[in-house]
Every structure is written in C-alpha cells, then in structure tokens.
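Asker: Produce the entire structure from the sequences given, and follow the hints as far as they go.
Number of protein chains: 2
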Amino acid sequence: MSNIDSHKLYIKNLSFINNIKTIAIIGPSKKRDYFFLKNHATYFKGPIYAVHPTVEEIPNFEKKNIFHSVSEIPGEVDYAFIAVPAFKILNIIDECVEKKVKLVTVFTSEFSDSGTEEGTILEKELLRRAQNKVRILGPNGMGLFYPKLGIAWRPEFPTTPGNIGFIAQSGGVCNIAIYGASALGINFSKVFSFGNGADLDFVDLLYFLSNDPETDIILCYIEGIKEGRINDLKEVLKQNKKPIIALKGGQSKTGSKAVKTHTASISGDDRLWKALFKQFNIIEVESLEQLLNTARLIDFYRIFELKNLAVFSISGGYGVILVDLLEKENIKVPSFTPEIQNLLSSKLYLPGTSSNNPLDLAAQFFFENTVYEIIDIALTDKKIDGLILDMPSFYLKPVFKSMDRQSFESNIIESLCLGHKHNKPLIPIIQRSNRPEERERISKKLIERRVPVFGDPLEVIPLLPKISNYKKRYIY
Amino acid sequence: MSNIDSHKLYIKNLSFINNIKTIAIIGPSKKRDYFFLKNHATYFKGPIYAVHPTVEEIPNFEKKNIFHSVSEIPGEVDYAFIAVPAFKILNIIDECVEKKVKLVTVFTSEFSDSGTEEGTILEKELLRRAQNKVRILGPNGMGLFYPKLGIAWRPEFPTTPGNIGFIAQSGGVCNIAIYGASALGINFSKVFSFGNGADLDFVDLLYFLSNDPETDIILCYIEGIKEGRINDLKEVLKQNKKPIIALKGGQSKTGSKAVKTHTASISGDDRLWKALFKQFNIIEVESLEQLLNTARLIDFYRIFELKNLAVFSISGGYGVILVDLLEKENIKVPSFTPEIQNLLSSKLYLPGTSSNNPLDLAAQFFFENTVYEIIDIALTDKKIDGLILDMPSFYLKPVFKSMDRQSFESNIIESLCLGHKHNKPLIPIIQRSNRPEERERISKKLIERRVPVFGDPLEVIPLLPKISNYKKRYIY
Chain A
245 MSNIDSHKLY IKNLSFINNI KTIAIIGPSK KRDYFFLKNH ATYFKGPIYA VHPTVEEIPN
305 FEKKNIFHSV SEIPGEVDYA FIAVPAFKIL NIIDECVEKK VKLVTVFTSE FSDSGTEEGT
365 ILEKELLRRA QNKVRILGPN GMGLFYPKLG IAWRPEFPTT PGNIGFIAQS GGVCNIAIYG
425 ASALGINFSK VFSFGNGADL DFVDLLYFLS NDPETDIILC YIEGIKEGRI NDLKEVLKQN
485 KKPIIALKGG QSKTGSKAVK THTASISGDD RLWKALFKQF NIIEVESLEQ LLNTARLIDF
545 YRIFELKNLA VFSISGGYGV ILVDLLEKEN IKVPSFTPEI QNLLSSKLYL PGTSSNNPLD
605 LAAQFFFENT VYEIIDIALT DKKIDGLILD MPSFYLKPVF KSMDRQSFES NIIESLCLGH
665 KHNKPLIPII QRSNRPEERE RISKKLIERR VPVFGDPLEV IPLLPKISNY KKRYIY
Chain B
245 MSNIDSHKLY IKNLSFINNI KTIAIIGPSK KRDYFFLKNH ATYFKGPIYA VHPTVEEIPN
305 FEKKNIFHSV SEIPGEVDYA FIAVPAFKIL NIIDECVEKK VKLVTVFTSE FSDSGTEEGT
365 ILEKELLRRA QNKVRILGPN GMGLFYPKLG IAWRPEFPTT PGNIGFIAQS GGVCNIAIYG
425 ASALGINFSK VFSFGNGADL DFVDLLYFLS NDPETDIILC YIEGIKEGRI NDLKEVLKQN
485 KKPIIALKGG QSKTGSKAVK THTASISGDD RLWKALFKQF NIIEVESLEQ LLNTARLIDF
545 YRIFELKNLA VFSISGGYGV ILVDLLEKEN IKVPSFTPEI QNLLSSKLYL PGTSSNNPLD
605 LAAQFFFENT VYEIIDIALT DKKIDGLILD MPSFYLKPVF KSMDRQSFES NIIESLCLGH
665 KHNKPLIPII QRSNRPEERE RISKKLIERR VPVFGDPLEV IPLLPKISNY KKRYIY
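For the record, the sequence lines run as chains A and B.
Yeah, the first sequence ends on 720 if you go by the working numbering, and it's all consecutive.
Yeah, the second sequence ends on 720 if you go by the working numbering, and it's all consecutive.
Rather than coming from a laboratory, the hints here were simulated on the basis of the structure.
None of these values were measured; they are calculated from a predicted model.
Wrong hints could be hidden among the right ones.
Said to hold, decoys possible - Which stretches of chain B does chain A cover? Using the computed rule of at least three CB atoms under 8 Å from a CB of chain A, they are:
| no. | stretch |
| --- | --- |
| 1 | 258-267 |
| 2 | 318-327 |
| 3 | 516-524 |
| 4 | 555-569 |
| 5 | 669-678 |
Stated by the list, open to error - Sample of chain A residues with no beta-carbon within 10 Å of chain B, all distances over it, derived:
| no. | residue |
| --- | --- |
| 6 | L253 |
| 7 | K572 |
| 8 | F652 |
Unchecked claim - In silico EDC-like pairs for lysine to aspartate or glutamate, Cα to Cα no more than 20 Å straight-line:
| no. | chain 1 | residue 1 | chain 2 | residue 2 |
| --- | --- | --- | --- | --- |
| 9 | A | K641 | B | E612 |
| 10 | A | K572 | B | E530 |
| 11 | A | K275 | B | E400 |
| 12 | B | K501 | A | E571 |
We treat Cβ as the ideally placed atom computed from N, Cα and C, and that holds for glycine.
Answerer: Put into structure tokens, the structure is as follows:
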C-alpha cells in the first residue's frame, strides 16, 4: 500500500495496467476447450503463455508458449489469469510473486464466497502470500477487460476501445454490460470484475478509473465495501471530477442476503449509500439497463440539463402519453416562442396535424423534408433544451408508391441527427413493433452517428432528470 | 338510444358489428394510392364497394364494385369508411342514412378537434343528420379493426383473431398497439379508434366489449369523456366482469391541454379517474407498452397473484438486482422449503453456483438438462407462485464445442415453457445484448408457446403487482 496524499488515502498503485505487455493463462482446461486461453489469445497482441503442469499441446496454440510452471516462462509476465482448483492456488501465487507478475486475476471460486470457514481462511492466506507484491483481482472474479490492448475473458467481446470504465464484483454482470454496451453503441476503456475483492477493491479501482486518462465516465455495480474503507472511498469521491453512475445491489432484505452468498460482501446500510451518492453527486440508477443507457446519453450528448423539451409525435395520442411521462419527471413541454410557432404553423398544413408543443405530424410524416424541417425549426427555439420523438417501426416502410425508400430512410436518419447540429439532445423512441429488421438497420445507422435510439419511453424518460440533476449539482 | 336496464343506462346498440357482411369505402384517393380501399380490401371476404363521384377505374379493383354514390350500390351496406373533405361530409351522411348503413367511420378531421367554432358546429350537424339511424365512429377516427372478419384500415395488420379488445380515440395509438401486439404474440378481437367521439363514445364501446363473447380482456387509452356520461360509465363498470387495463392520457397540465387539441376531449380531474379505477378494480398503467405487456401476461397466464417468486439467474449479481427490484414491488423472494432446497442442492454442483433463492446457475447453465431440472424443481415448491429468470442473449450460443446447438436451444425452450406445466407464471428476461437474431428466433418460438419474453426487468416487474392486486380485489 502507498500513502498517496495528505488525507492518508490508502490506494494500491495500478498505473502499470495501461502498459501490460505479456499475459499468462494459468490452468487452461482441455475439458472447456481452453476457453479462457482462447479468449485472451484472440485479440491480445503481445506474447501470451499457457501454464499447465501436464499439458503438452493445445490446438491452434504455439507449443513454444506452453510451460509447466510460471518460473519456466522466459522474460517478464505483466498479467496472469488463474483458473486452477482452489487447493492449488497458494503454490501458484507463490510462483507469481517469485516471477514478479504485476497483476493476477483469480477466477477460481469457493473462497470467502463459499460461506465456509475453510474458504475464508484460504482467502486470507492467499492475500498474505501475495505479500502486496502481486495485485489480485478476485478470487471469484473474471478480471480485466481492456479492449485497447486486446485483453478479454469471453469470446466476441467488442474490440473497439471506448471512454467508459466499469467496476463490478460480478463477472456475470460485467458480461451482460459488455455485450449490452456494444449493442447500444458505447464502448469501454476498462472493465474490472474483482469478485470477492480480497486485494483490489472498489475503492482502489474507482481511484484508478477516476485518474485514468482513457476513461471519461465511470459506471459501477456495487455490492458493498469493507467498513474500514469508507473514509478512503469518501476521499476518492471528493477528488473525482468524472461523472459516476452507480447501481447498488442488495438494497432489499433478501437482496442483501444474496449479496453475501454471491461475493461475501456486506451490502451495508442503504441509507448510508444514499447519503454518499447525494453528497458526492453520484447518479444512482435502478437496473443494469439504466446504468448503460444513462452512460450512453452522457457519452453521445455530454452532460445536459433538460428543463424544457419539445415533443414530436406522429400520433397525437402517443404525444399526450409522452407529455404525461415527462411532466411526472418535472420536465416541461412548454409552448414554442411566437416566431418559432409561426414558422412551424406555416410548415404543418395537413389536416389532423398540430404545430403546438407537443407537435403532431400525423400523415405529414411521409411528406418529403417535413420531418427534417420541423425538427430543425423546433430545436432553434431558445427556450427548448432538446427533443423527444416517437417513430413506430411500421412507419419506417414508406406506404405510398410515389415515395422513394432510399431518400425516405436517409431523410429520417439526417433528421434524427439534428440534435448534434443544435448541440441539444434529440431522443428517438422507435417502438419495437412489427419491423424488427428495419428497426435494427436504422438504429445501427443512428447509433453510428451517436444518436441513442430507445424502444420504450419508460426506458429513457426516468434517466433524463438524473442527468439534469448531476449537471445542476456539479461544482467544479 | 335504448334504455338497456333499470339503471337507466343509455347505450347505443352495436350488436350488429359481429355480423358485418358488406363494406363501402367512400372517397378513395388516387393521390394516396387508394390507401384505405386497398387496406380494407386486402382481407375482407364479403363484398366491398368503392364510392367516388368521378373515379371510373381503380387498379386491381373490380370495376363493377365502383359507384358514384352510396345509393347506387345494390343490396345492403353494413359498414362504410368515409374519407372525404369535411365540406362534403353532410351529403355523404344523408346518403348513408338513406341507404340504412349501420355503422360509419368518419376518418375526416378538422371538426371539433380543429378548435374552431365552424368545426364544432359541423360536428354537431353531422350528428344531427345521422339521426341515430347510422352509428358513427369519429370524426377524426380510424374506425374498426376486426381481424376475424378481415376489417383493417392499414396494411399488414395482423390477421389472427384474438380475445383482446382495445378502445382508443387516437388512430395513431391504435396503430402502435396493433402492430406492437402482433410482435408481442397477442391478438385482438376488435380495436376501435373513435376519434372525437361525436356519436359512439368510450362508454358505448366499453359496454359493447364488456358484453362481446369474442373479447376476454379489455384495453383502453382514455383521453376523456363527457361529464354527462360519468354515471353511465359507472354503471357499465359495475356490470363488467372482464379485466380492464387502462391508460389515462392527459394527466399532466400540458398533457391535458394537448388532449384538447388532439380530440377535443376534456381529460377531467385526474383524482376522479384514479378513484374510478380503484372503485371498479381497473388496472392502471403508465404507458402503451405497459398496457400491451400487462394484457400479454394475463392472456398467457390468466390472472395470477404473485406473493413469492423464485429468481433464477445465470449471474449472481444480476439475480441480486432482480431481487431488489421485486422487493421494491412487495414481491418476496423467500427461501425454498427444506425438501425442495435439498433437491436443488443435489443438482447444483459446480463451484460458483447457489441453490438458494435467488438461484445462481453460473456456468452450469451450459450443462445438459440443468436448466430444465432446476426450474422444474423450483416450481414444484408449494410456497412459490412463479419464477423470473434472466438469460442474456449471448448465452444463447453454446460456448463449448462439445455442446450440440440444436438440443441446447430446444432444451432452453422446453425449460422456459415449464410455467405452463406447473400453472405458474414463468417470466424470462432475455436481455437485448449482442445476439439480436438468436434472441428474435428464440423469442418467437417462446411466444408461440405462450411464454412472454421481456428484454429489461423494468419492462415487466412493475406490472406484476398490478395483476396481483386485481386478483385480490376481484369479487365475482
């Protein structure tokens, strides 16, 4: 441990992570098709070694990179992923200390998470034998996902490096987040699954991401921290200048019990966490989906404050529903300023349309350029901070023969990108109705243009005041 | 109007709707590719006539079925869809009365919805000229969707008749519901879009569906009703024995203003509606998506009461999140009974798994039959009323070579159908992550087996207590 500053902040140094050059996979399993070895080897560019006492050959893996022990590996090993039976772990960690491995992930479970005395003793002994010389993610963790360096523990993890960091104990939650994020169009700088947190814990990893030049937004799923770390956590949060979005697991009675089984964490008093989130302006969400979607909104549109929103609907009724949901969250849907209102009135000429806010386009949606012009004008209004719009996926197919599918679709896409032109968030809800292929194709194109597509108003509207409140409270 | 019973309930008789045999489309538009004519003609089996003063030919439409006026049509006309400019509407309605048309939809807008005095006067005159002899859906409505008879106002409306009725003023909301329902695997008996409700209103249509033998569940999107109809509404609700799920539009200040622009409705005091919903055990929801998903849960699993739920997760952390969300909604995740717990313990042998509730399968998910056996045992527990489970879509691809994709997938599907075997709701959440095609394919198969797949816990968990409360309060 090193004393980082005058606040007596105890944080383990992890700055070497951005320079990992060699990897060893300890305990590759033939029975599991060498799962973790194959996954790490897929994208990692530097040398990668397999360590197993008896294995001599591994399909599609160079024989010269297979060793019977860590000490046999020539040169340095920066990072090791360990998946051996629990009873072998102490010898392996001794070897890693000897080899001066900087960081290991202990995937093996049944330590303190088992709830047995033996497991807890073994975990303590593991930590003691590491001697603060090798840093540990785990045990019972998946370790490090670092797309920039090609470090990935599961197949088909996205390869695009991003600016979002994620910390969770649970590897399963990390998996869902990593695959989910790639579908949403956001990318991670680093993801840490630190399991039982015997050595590296939430506070260490948060400090690292808070100071990591590759990370702009920090996400975390928190099961709990040790009581002795609360003051360190507060100090890290005090120094932090990046948006942190947090999901706290174990808030309910049964949830808190389950947390104990899961990672042997003490989830702690919920009021304490709520107070901490408030004090340090942490955005709290209720689900993993909300965690990712809040990050996406911030990543695509930066931090925004939405007081007054324009609503753009193709169905007057759906517009009313959106207004109700927005006003429940204290977001106003005000009248446009007179000049803007006049301009909009001149553009909306079809019977059944309405140029007031909420805008009702009705069938004029299908008329060339209408959508683009109306959105462009509405976003010009100084009073208006952004626009939300619903576009059922059945509208994505032109209904009149006279319409050209190509220009119709590209026109919709250009229209939905107008938020970026005006530097105001534009949030499209494309309902998941009867055209999954069209929806998928158009959503992908929009996501590439950094427009966050949602499928249900309740997926996004509750997130908007969370981001506004963050901005209001931000004091740097 | 007819006095139906001793409570002086004034309801317009609509029983003829189930026997519509002929249709006329009045005012087919060449400019719009004869949109409404083509749509109604696609699936309707009986005679369908086009009425236009000058049109002589319509592509792909029999010339002998084109007439210059309603009176020229030989034989009876049961239903007419009218899309003519507003200034022509009075003559057309006179003709319809003369012809003894039973029901018309007036699609034309700019009546009371325009907010002008002229519009309001025209609407009153339309009603007067109908003389209670022809019933009107509209003006400013899309009318009737009745898949059993093939009556449909838009292209590609689903053709499977169902048992769910839906009433809304807004045609756009109906469109979203109809296309959305088909993607969710539920089907409509009838959908009514009654626009401004000049003649047929919410009370009439609710009474009809409440007594319609083809309808088991009633959905409604309500913008408002006339003050004079409140007592009739109460009487209809008093007599009703079917589950009603309602979304009230215009609850907010701006929403209520928008409702007035949209269909000239007075949305009324929100507290009055809340009291009504409570008094008559109406399930209230917040969004159109919740409306459809609540109907789906009831349609697939009937009305259920969920006090104690089993949680089945592949990630311990995600299981914790589910437990927290459930307990917030007062659904308990209790321990299993000792016998069941013993059985489960004997089946879950891999390190990192947990046989307590919430169940954590971890990688044992990939072992043949594990999923089926565990769910089967958990649902046998008498204490347990149902099961919720998360299955990220990346797990839908087997990861080990030794696994057979076919049997893996069919095994998952059989496992997720186990709710029906035990007559307890089983609710799978298949996250929308990186495998949209696999997810789509498996979801479709599950929906065919009447298993409601969701993509996000917040999409479904808030709906569960709504259904439980309905069952608790149901008094028949």
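Asker: If a hint holds in the structure, say so; if it does not, say that too.
Answerer: Hints, verified against the model:
{"no.": "1", "hint": "258-267", "in the structure": "violated (count 0)"}
{"no.": "2", "hint": "318-327", "in the structure": "violated (count 0)"}
{"no.": "3", "hint": "516-524", "in the structure": "violated (count 0)"}
{"no.": "4", "hint": "555-569", "in the structure": "holds (count 12)"}
{"no.": "5", "hint": "669-678", "in the structure": "holds (count 4)"}
{"no.": "6", "hint": "L253", "in the structure": "holds (27 Å)"}
{"no.": "7", "hint": "K572", "in the structure": "violated (7 Å)"}
{"no.": "8", "hint": "F652", "in the structure": "holds (15 Å)"}
{"no.": "9", "hint": "A:K641 with B:E612", "in the structure": "violated (42 Å)"}
{"no.": "10", "hint": "A:K572 with B:E530", "in the structure": "holds (10 Å)"}
{"no.": "11", "hint": "A:K275 with B:E400", "in the structure": "violated (50 Å)"}
{"no.": "12", "hint": "B:K501 with A:E571", "in the structure": "holds (13 Å)"}
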